[in-house]
Amino acid sequence: MKNKIRLFFLVIFLSFCFIIFLKGLDNSNIYTPRISEQKKLPIFQAKSFNSDIYIKSEKIFEKNSFYIVNIWASWCIPCRREHPLLMKLSKNKSVKLIGLNYKDNINNAKKFINELGNPYFQILIDKYGTLAVEFGAYGVPETFLINQDKIIVKKFVGPINQQIIDEIKLIIK
Amino acid sequence: MKIIKIILIIFLSLYFSQLKSDEKNNELENKILKNIRCLICQGQSVYDSESDFASSIKLVVNKKINDGIQEEQIYDFLKKKYGVWIVYEPELNKNTYILWFLPLLLFCVGGAIIYKKIKKI
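Protein chains in written order, with our numbering: chain A, 1 to 173; chain B, 174 to 294.
Everything labelled a hint here was simulated from the structure, so no lab data went into it.
Some hints could be false.
What the hints assert, rightly or not - Computed list of lysine-lysine pairs in DSSO-like fashion (alpha-carbon distance at most 30 Å, straight line):
#: 1; chain 1: B; residue 1: K254; chain 2: A; residue 2: K103
#: 2; chain 1: A; residue 1: K63; chain 2: A; residue 2: K88
#: 3; chain 1: A; residue 1: K4; chain 2: B; residue 2: K293
#: 4; chain 1: B; residue 1: K237; chain 2: A; residue 2: K56
#: 5; chain 1: A; residue 1: K96; chain 2: A; residue 2: K40
#: 6; chain 1: B; residue 1: K253; chain 2: A; residue 2: K150
#: 7; chain 1: A; residue 1: K39; chain 2: B; residue 2: K207
#: 8; chain 1: B; residue 1: K254; chain 2: A; residue 2: K154
#: 9; chain 1: A; residue 1: K155; chain 2: B; residue 2: K254
#: 10; chain 1: A; residue 1: K155; chain 2: B; residue 2: K253
Unchecked claim - Interface residues of chain A toward chain B, partial, derived using beta-carbon atoms under 8 Å:
#: 11; residue: G129
#: 12; residue: A132
#: 13; residue: V133
#: 14; residue: Y138
#: 15; residue: G139
Even glycine gets a Cβ: it sits at the ideal position worked out from N, Cα and C.
When you get a sec, could you build the whole thing from the sequences and use the hints?
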């Protein structure tokens, strides 16, 4: 009888371990960023793209306006792909686009803008990628939607597409 | 001559204390970087990785250490930006109780069984 009880508990325990490991197999071990988390806009200071002036974030992001922060670089191929959509979005009066030029050569970045157009209200330089860390980004392109209360309400990893544009438009309506 | 010797001693002691503090900061920086996961290169720590993401994180950590920010505060900053997954060592919370306490429980149960067996003999 005692042995049967032991065997019963052993089977229960092994089944428990088996289920835990089996469930663990389903979990991806590749990092997937959280895109729905709402975070406060970081306070920072960055060099302007068009001049040598350093601008404080408080001066860029005013209250009662939606902002889009787009991290881009001239060497980034997907950035080139999403650029026409950003150009279209820049025509929308309810939102201001801020570009964050990530680890780029300034001359190449200027060529990129001259060639494809400038959708940005303001471009900031992030030469070493440390500003992108403040936003919680880990690559290019990445886009953040900031609401009137200076809260990052949406984060889009990778190039934006028409579906994302529609989603943004719905939020800023 | 005596004054020169004194100045030299003061200068050298200041110089070496600076070196020691740099060494201490480097050790702390390496320790932190080894405990941070590179989020775009699977299975590598930021310390081991040469990716763009890792190099930016290295700069941020270095700046924070030089600003005198404590190790735990640096981890908190990164967790706030990227989530708890960025740190290799999981923190103790309701989601990780089993992870932290199950080995301890198994160890105690196993120990008790062994103790009982030995006592019988």
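ask   = In ascending order, which of the hints set out earlier in this document are inconsistent with the structure?
value = none
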